[in-house]
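Chemist: Could you put together the complete structure from these sequences and hints?
These are the residues of each chain, in order.
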Amino acid sequence: MLLDFFRKNKKKSAQKAKERLQIILAHERVSNRAPFLDDLRNDLIKVISKYVDIDPNDVEVSLQRDNSMEVLEINIPIK
Amino acid sequence: MSGKVLTITSGKGGVGKSTTTANLSLGLALAGKKVVTIDLDIGLRNLDMILGLENRIVYDVVNVVEKVCKIKQALIKDKRTDNLYLIAAAQTRDKSAVKPEQVIELANELKKEFDYIILDSPAGIEGGFRNAMLPADEVIIVTTPEISAVRDADRVIGILEANNKKEMSLIINRINPILVKKGDMMSKDDVLQVLSIPLIGVVPEDENIVSYTNVGEPSILHPDSPSGKAYKNITQRILGKDVPFMEIVEKKKGILETIISFFKE
Numbered sequence: 000m001l002l003d004f005f006r007k008n009k010k011k012s013a014q015k016a017k018e019r020l021q022i023i024l025a026h027e028r029v030s031n032r033a034p035f036l037d038d039l040r041n042d043l044i045k046v047i048s049k050y051v052d053i054d055p056n057d058v059e060v061s062l063q064r065d066n067s068m069e070v071l072e073i074n075i076p077i078k
Numbered sequence: 000m001s002g003k004v005l006t007i008t009s010g011k012g013g014v015g016k017s018t019t020t021a022n023l024s025l026g027l028a029l030a031g032k033k034v035v036t037i038d039l040d041i042g043l044r045n046l047d048m049i050l051g052l053e054n055r056i057v058y059d060v061v062n063v064v065e066k067v068c069k070i071k072q073a074l075i076k077d078k079r080t081d082n083l084y085l086i087a088a089a090q091t092r093d094k095s096a097v098k099p100e101q102v103i104e105l106a107n108e109l110k111k112e113f114d115y116i117i118l119d120s121p122a123g124i125e126g127g128f129r130n131a132m133l134p135a136d137e138v139i140i141v142t143t144p145e146i147s148a149v150r151d152a153d154r155v156i157g158i159l160e161a162n163n164k165k166e167m168s169l170i171i172n173r174i175n176p177i178l179v180k181k182g183d184m185m186s187k188d189d190v191l192q193v194l195s196i197p198l199i200g201v202v203p204e205d206e207n208i209v210s211y212t213n214v215g216e217p218s219i220l221h222p223d224s225p226s227g228k229a230y231k232n233i234t235q236r237i238l239g240k241d242v243p244f245m246e247i248v249e250k251k252k253g254i255l256e257t258i259i260s261f262f263k264e
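Protein chains in written order, with numbering that gives the first Met the number 0: chain Z, 0 to 78; chain H, 0 to 264.
Because the hints were derived from the structure by calculation, they are not lab data. Note that the coordinates shown come from a computational prediction; the quantities given were computed from them, not determined experimentally. Even glycine gets a Cβ: it sits at the ideal position worked out from N, Cα and C. Treat the hints with caution; some may be incorrect.
[Stated by the list, open to error] Here are the simulated lysine-lysine pairs, DSSO-like style, with alpha carbons at most 30 angstroms apart:
#  : chain 1 : residue 1 : chain 2 : residue 2
1  : Z       : Lys11     : H       : Lys181
2  : H       : Lys69     : Z       : Lys15
3  : H       : Lys11     : Z       : Lys11
4  : Z       : Lys11     : H       : Lys180
5  : H       : Lys3      : H       : Lys66
6  : Z       : Lys15     : H       : Lys78
7  : Z       : Lys11     : H       : Lys187
8  : Z       : Lys10     : H       : Lys66
9  : H       : Lys187    : Z       : Lys10
10 : Z       : Lys15     : H       : Lys181
11 : H       : Lys78     : H       : Lys228
12 : H       : Lys11     : H       : Lys69
13 : H       : Lys98     : H       : Lys76
[Said to hold, decoys possible] Reference listing, derived: stretches of chain Z covered by chain H, where coverage requires no fewer than 3 residues with Cβ under 8 angstroms from a Cβ of chain H:
#  : stretch
14 : 10-16
15 : 53-59
Modeler: Below, the structure written as C-alpha cells:
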C-alpha cells in the first residue's frame, strides 16, 4: 500500500481494462463477423484434396480488416 | 396506429436489463404513450416483480403464442397508469417454447393498439435472444462498465450488425463516480471508445434500487433518486428530445448531513 503510493506511474485499473478490451475485441471482432470461416476452411480442404495432395493442417483461412477494406486470405501449401 | 418495437438486451446477464425495461416502459407510459412490455426471458420471470404486478398474472406469453388465451386476456394492466400493460414470461416451460415468428406475429398484432412494444430480452448468448432481436425496430444494449460485460456487449453488437439491425444505442448502467474518479472503473468515455455505438443513457449506481425492487416500484417513480433521474432522461431521448447527459458526480455529504442521516436510519 505504502509502496504503491510512491510508485507514481502505476497504471490505474480502468486504463488497464480498456487496453485489455481493445486487444481482445480486435481479435474477437474478426471471427465474430465471419462465423463461416471454419466451414469455408473445411469445404476448401475437401475440394482441393480431390485434385492435389495437401496437408489439412497447413490450410490457413483468415479475414483481414484494414480500415475500409476486407481481405479474405487463403493459404494452401501443396505437398 | 403503428407502434415501434424496442428491444432491451445485453451480452451477459445481471447488468440490469429487466430493471431498465421496467423503468423505460413505465417512463414512456407516464409520458403519455401507450406501452406494452413483454418479458421474453422464458423460465426466468422477473419483470412482473420489478413492476410489482406479479400477483395479477393469469396467462403468460407462452399461453398467448400457443393460443391458449386471447392477447387481451394476457395483458396485465399496471396499477399506476392506464397506459402500461405487461405480458409476463412463462416460468415453467423450456426456453424454446417461443419462436421468433410467433413473437413477430404477436408484435404486429400489438402494433395496432400500442405506441411502443418493449421486449425484455434474454442475454445475447442465450437461445431466446433471437426471439427478441428479430422483431426489433430499435435495440438498446445495456452494459455495466466491467470488462466482461463490455466484451459480451461487443459480441451482441456483432450479432445485431450481422442481422442488419442498424438502430442500436447503448446504456451504461451502474457507473460509480467515486471509482471512476480513482481510475478504478472505466468511465462513460472509455466504454464508448471501445463500443462505438451511440449512447442513449448513463445510469449511476444507486443503492436505492434494491429497496425499490423489493417493493415493486421502479426508480422512475422516485424522480429525485439518481437512477430515477437518469431513466427519466433516457425516456425523453427515446421520444426524440435532446436532453444533455447528466454529469455523474459523487454526492458530497457535509459532516452535519452525515450525522443527521445517521440518526434518521
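Chemist: Would you mind marking each hint as holding or not holding in the structure?
Modeler: Going down the list of hints, with the structure as the test:
no., hint, verdict
1, Z:Lys11 / H:Lys181, "8 angstroms, holds"
2, H:Lys69 / Z:Lys15, "53 angstroms, violated"
3, H:Lys11 / Z:Lys11, "25 angstroms, holds"
4, Z:Lys11 / H:Lys180, "10 angstroms, holds"
5, H:Lys3 / H:Lys66, "23 angstroms, holds"
6, Z:Lys15 / H:Lys78, "47 angstroms, violated"
7, Z:Lys11 / H:Lys187, "16 angstroms, holds"
8, Z:Lys10 / H:Lys66, "58 angstroms, violated"
9, H:Lys187 / Z:Lys10, "19 angstroms, holds"
10, Z:Lys15 / H:Lys181, "13 angstroms, holds"
11, H:Lys78 / H:Lys228, "21 angstroms, holds"
12, H:Lys11 / H:Lys69, "33 angstroms, violated"
13, H:Lys98 / H:Lys76, "25 angstroms, holds"
14, 10-16, "holds (count 5)"
15, 53-59, "violated (count 0)"
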